[in-house]
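Please model the entire structure based on the sequences and the hints provided.
Going down the list, the sequences are from chains A and B. Count the first sequence with the numbering used here and you get residues 1 to 305, in order. Count the second sequence with the numbering used here and you get residues 1001 to 1292, in order.
Calculated from the structure, these hints are not laboratory results. Backbone N, C-alpha and C define an ideal beta-carbon position, used for all residues, glycine too. Only true hints are included.
So, partial list: chain B residues that the calculated Cβ filter (under 8 Å) puts toward chain A: (1) 1131; (2) 1226; (3) 1275.
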Amino acid sequence: MGRFVAVRLFHGVVVVFLAVTAVFFMLRLSGDPALLYVPIDTSPEEIEAVRERMGLNDPLVVQYAQFITDAAKGDFGDSTRQQRPATEVVLERLPATLELGVAALLIAMVVGIPLGVFAALHHGSFWDRIASLIAVLGQALPNFWLGLLLILAFSVSLNWLPTGGRGGLQQLIMPAIALSAASMARYARLSRSIMLDVLHQDYIRTAHAKGLNPTRIITIHAFKNASISIVTITGLEVGRLLGGAVVVENVFAWPGLGRVTVQALENRDFAIVTFAVVLFAVLFTMANLLADLAYGWFNPQVRYR
Amino acid sequence: MTAATLAQKSSRPWVVSAKRALASDLWITSFMALLLVVTLVAALAPVLVDGNPNQPDYAARLAAPLTPGHLAGTDQLGRDVLSRLIYGARVSLLVGFVSAIAAGIVGTIIGLVAGHFGGTVDAVLMRLADVQLSFPFILLALVINAIIGLGLRNIILTLIIVGWVEHARIARGETIVVREREFVHAARLMGCREARIIFRHVLPNILTPLIVVATLQVSRFIVAEASVSFLGFGVQPPTPAWGSMISEGRDYIFTAWWLITFPGVALVLLALSVNMIGDWLRDVLDPKRIVR
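Here it is, written out as structure tokens:
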């Protein structure tokens, strides 16, 4: 187990390192960064001076070595717009994204799992179809459009909630719902199919034959076993929610990682883009690792190698 | 029984089971009909729409739906929303199908090569896949699109770059299983060249899961293009794409609800039908899977 975690962590570090490398070369190949640091009417000589100062005239390999050395020390350069370290600009947005992600995950689990279990218990009925329809719709609804519909309903028509920003529960509720929809749908689909599997097991039939209380069979015998497999997808969902946040944050002007990344892409503020992308890769890799660990934790049959 | 009917019965059993499943499920038939209608409307756009969908008409700005001549209303420049929706269908279908098919071809070839030869080629290609998979899909699409440039052609290119991995992983996994089968060894003993073994013997046997993945990818790519265009990258105004229509309509959310509503409904219906067809294909093409 300890060895497995160590190997996976090492693997994660390699992947993040390769990701940093890929981002560096892609950004360098996409245009001359010196032009971004100077006013539009700068003379060619002055631009050349900036280029020299920034080390952009060095061979690409030398620039890369410098970049990697700095990055290893936690220095990803300064934001061109804000004139302060990119790491600072990006990291101060992390709590907002985590808050939104946790809220969305809770909504997805609290609504999705009971919905799926309910559908399984009424397999083939009208309610099963309705639950399946909700699950299917949840997966097809683009999160940004769902967000706008919520704004249209609760901000424009009813005037109950603010259209964006971050603060209390009032600001959190709509972006969290918009972000959670796809996850909720996946939880519902998965819980339904796992519950159906479990309900057809022999030990459930035995429990019924023994004359046990049906509610007890469903809660203790069936759901407790099903919940193990359901919980294991949570790691994957965390990763997916991170991706979803990139879009949803921009609908609600939520000051998180997704918003700062998109703004930096618009401004071609590459120091921020680089670090944000690296941070996303780190978070995403960690979520996947946790997913694998949770799987073994809940299911002792899994042996790590 | 005549030879003719016998031949008919025995030919391609999956066609028969597909027909049976289709008839038994009105649900999936209606989604297929929906996709067909959207495709036809997109194909016939120049016939159905009278004039240029980008032509502003400042006298008719922000006309509500059901205004005579503007069934779905007009936008902030007085352009007819229905005409733009119809042309937008072209963008969505083009982006969805072209990128998924191209990503499928590229990914399948890479996966076949990696799985068939193994070794260093395999290790390098799969590490590359790992790196790509360590980013959220939409973030990668945004960054790549911002780097290679905006516009319709580049969003297609972006989605191919982001999407090949999924196919490559599946193709590789399946190839590793199939390459050990007897008919592959037999082909090699008969003196087949490796290229022929890969494309004539291995490929047909791994195609089923790849078709399903490609179908499901179409709907994901349609939504991804809309998301990227919504954020101001991807397809650029004035080209009518559903995502950028929603993005433009967002500024008028307090006065003109139809500008964000109609393109969104179109997007959901299209993504939903392709998704349902993908799910259905998975069930039909894989007899081992239990359909619930």
